[in-house]
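Trainee: Single-letter residue listing:
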Amino acid sequence: MISHIDYDRNKDMNPHNRRIAYINRVMYLPEYAKEMRLTDVFSLMRRQYKEAITGLSDVTKKYTKKAMVLHWLYVMFTFTFIFEGLLIYGAFRTLVLKSMSLAELSVITSMMVSTTWILIGFTESLTSLFKNGLFIEYLRTFLEYKEKIPEDYEGIDPGTEIKSLEFRNVSFSYKDKEVLSHLNMEFRGGKTYALVGHNGAGKTTLIKLLLRLYDPTEGEILLNGRNIKEYDLKKYRALFATAFQDNRMFSMSVKENVVMGKNIPEAEKEDRVNEALKLSGAYDKVMSLKNGMETTLTNEFDDEGAVLSGGEAQKIVVARAFVKQCPFKVFDEPSSALDPIAEATLFDNIYETCKDNTLVFISHRLSSVQNADWVYLLSDKTVKEEGTHRMLMDKHGIYADMYTKQAKNYLAISGGAC
Amino acid sequence: MKRVLQNQLFLWKLCFKTCPGYVIYFLYDGFRYQGIIFLEHVLGIRYVLHCAEFQEPFWKAFLFIGVILLINMIQIVPDGFFIHGWSYRAKPKLYKALKEQMYQKAADIDLSCYDDPKYYNDFVLAVAEAESSIDRFLSMCNLIVQAITVIVTTGAFYIATDAMGIVFVLASFILRFLIARVINKLNYEVRLKVNPLERKRNYVSRVFYLNDYAKELRLHPVVGEELEKEFEEANDAIIEEQKAVGVKRMWLNFLNNYVVGDFIMDGLYITYLVFQAAVLHTVAYSDAVVLFNRTGSLRRGFQNMADVFPMAQENSLYIEKIRAFLDYEPKIKVMKGEVVPEGNADISIENISFAYKEDAAETLKNISLKVKPGEKVAIVGYNGAGKTTLIKLLMRLYDPTEGNILYHGRNIKEFRPYDYRRRVGVVFQDYQMYGANLEENVIMADPSFAADQLENMMQSKESASDVSFYEKLKLGAVSALERAGFGERYRSLDKGLDTQVTAEFDKEGVNFSGGESQKIAISRAFYKDADILIMDEPSSALDPIAEYELNKAMESAAKGKTVFYISHRLSTTRDADRIILLENGRIAEEGTHDSLLAMNGKYAEMWRVQAGRYETA
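Sequence order for the protein chains is A and B.
Residues in the first sequence are numbered from 1 upward in steps of one, following our numbering.
Residues in the second sequence are numbered from 419 upward in steps of one, following our numbering.
I should point out that these hints are in silico values taken from the structure, not numbers from a laboratory.
Because the structure is a prediction, the values reported are computed rather than measured.
Among the hints, a few may not be true.
Not the full set, but computed from the structure, chain A residues with beta-carbon under 8 Å of chain B [what the hints assert, rightly or not]:
hint: 1; residue: 22
hint: 2; residue: 57
hint: 3; residue: 64
hint: 4; residue: 109
hint: 5; residue: 197
hint: 6; residue: 237
hint: 7; residue: 245
hint: 8; residue: 260
hint: 9; residue: 262
hint: 10; residue: 312
hint: 11; residue: 410
Sample of chain A residues lacking proximity to chain B, with all beta carbon distances greater than 10 Å (derived) [stated by the list, open to error]:
hint: 12; residue: 146
hint: 13; residue: 184
hint: 14; residue: 218
hint: 15; residue: 349
Examples of chain B residues toward chain A, derived with CB under 7 Å [what the hints assert, rightly or not]:
hint: 16; residue: 470
hint: 17; residue: 534
hint: 18; residue: 535
hint: 19; residue: 634
hint: 20; residue: 641
hint: 21; residue: 853
hint: 22; residue: 867
hint: 23; residue: 959
All C-beta atoms in this analysis are idealised placements derived from N, C-alpha and C, irrespective of residue type, glycine included.
Please construct the entire structure, taking both the sequences and the accompanying hints into account.
Mentor: Structural data, given as structure tokens:
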């Protein structure tokens, strides 16, 4: 019963403890250091910390009385009454009934002493067992979680060719908020597609659905005419190479960070990685590192590890998409942190290398979008406009407006647009 | 030795100042615990055995036990309160007393500390160990009191009954102590080897359970497998290390437990006791029994006293780090300096150079620039040219290794950094969203703290207003969000300014998209309304319309302000009053857009490459 109180109390304290752990992270992680110094966000952290501490204290008030009573009963009945009781019993039998000798009494008392220690240990183990049992609930819930998208579901082999990938009437909601609604879109093999639209329009979500990181709430996604749910998940995902916007470097060598475990024979690895690095524009930087492409990234547990800047990390992410040999390549904002020359080179490389692939990219840089075979403009949870650059400009719709606004400053009295 | 004591004293003062009652009780608890045991196991049993040996009447035994029972029933009550009430309230307060100091320090230390891996590791360790140091310290104090209680009570009993027992116990104890030292050294060496392996294990754990890596692990399942392999390897390596010392440890422990422990006590001492009681009749049987039973406790008492010093030593190592951290004198003293004069003024950068580390290559070399108030300066260049470094120096997050920056005609080193930094509005490339509500994420402060500041400022200006200060904060935040182009999104939020940002603590919390977060970050600078505005790639994640609107907003918001902005979108830099192009830490080109194009240098090339791709509509 006391364990239950402990467990409940812990559960109630948990949100406060998580808050404290968060504040701890904010205070020591370097990501927050700059803003900490330039603003008063520290006052915010300090207040939240105080509130969490008070919160912890308030939680206990709820349980104190009950726990105290239980504690008293526990100690009394497990130790005190038994110990004192036995002493009196022994004394009675020896002194009154005279049915126990001094020797026997001595043995009993000695035993009682050692038994007390054993009992204490035993009850502590029992309590731990119980406490653990309640926490093991969490573990079991986690381990027994049935994935909605089973990672090792055996499905059909999708093959190696993508003739078409179609979104049919796809809707998707994330936590009750609808992100995509009755969306229709098709990607034909070998062609280049651009996705544009306002921030938060659902472009990245679309990619996640494409990769089957989520399943649509309505409608279906078809690969070569078949619902992608029918395919073997691992083999399906192997058809895609993606460069996402957020760039996570792993604590491994640059080479491994680019290859990301793909089954590339050792002999070819270095060449292919070099190639990919050159295409993404990261080659020079990587070669300038102490151990070249064998240098560990992040200084998580290698103090000599290289910490890359945003732009450099972005290039590594793009290199990942280059190194993989597969029919479908997706680039999500690959150049947002790059300087103009690097950006132009990157897009040239993307177009050139992915000539034979099905290429999809999301970009706000409409100058690179205009060369796509087909452009989809996402707005209001669905495809608002689609067509070639020319078609969309002639429509004088949202796309044309975006393009004009972006091009404006480049073209106005442009002495250099040669 | 002295240092160890000083460190303990440091924690003592801290704990006692925060929760004196609790600390006193904690000590009392050690006395209480051993005291009760002494009462029951020694006095209680001895009395009953005595009665039996010397034919005393039963009622005497009954009464004696009865009194002990009563004492017990009473003393358990506060014990329950201590464990289930007081501790849960007092411990967080104690942690807070230490951690708050550390947090304040973390906010004050130089940014350069984060660049130095050695300092940073120590810093992280200190923070991680702060709470456990306090726990260990309190346990240690409790243990000392327990040990003293045992030694005094039991010692007195032995001396009163048969002092020879103490000699036996001491002998056993001293021998065990010496052997334990060898074992401890062994364990310490193993721990040093195991530590980096455990770091690796923890890293892999984190990758698997943190949100951040979820996508990558699913899209590149082989990485997950390789990480699992690394985990196993680290695990195996840890096992190997332990195995290597396993046999030696086993024998040492055997020596410790059996030869020195059991043999001396269970073999030699009991023989002595029986001899004393049965042959020489100098000790009563009841006393002999109790003396023998008590040897373990007495030895443990000595043991605990002896353990105290290594415990204190080990804890002292951590406390050293904590104190070193707290004693760190920042090079840039945040609160020292003069007030920054009102209004905008010239900013003069004179021959500054900068290197992150003493022996590292210079990131900036000999930069000079003079900027008039209200001027818009664009900083362009290839990645890694030193652009971000330059603005960090302007914000005074670092001081230049050579040269000076002047504002209002004075070296910015003369001004109070706290004030100076608040005169600069910044939008970072790597801004963060905080686990707080939208208002707090814009004003970047605790509302009551900010309201107080506002009140102080208003008082000094003697302007009265009907609107409360909290209201002012809210209005300011909303206005800033509007100007940053977040207005429509803001209106779509049911909870408005009270919306929780990030879903870390609130399931209803909102994880804003990349572009939305960037607008919030921009609104921070607008809210601050400082005379100097620094923007590092403010529109990199924005769609064309949002970028266009931001530029328009900047035109009005930045009137009269000096603006520095780094951008790769040359369409935004085009209208700057001045553009400087950095290459390898130097200003390679400088001028207006037109003059740079005419120069036909690197800027012109960048422009052509970027603008050339836009066809005329």
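Trainee: For a quick check of understanding: which of the numbered hints are violated here, in increasing order?
Mentor: 17
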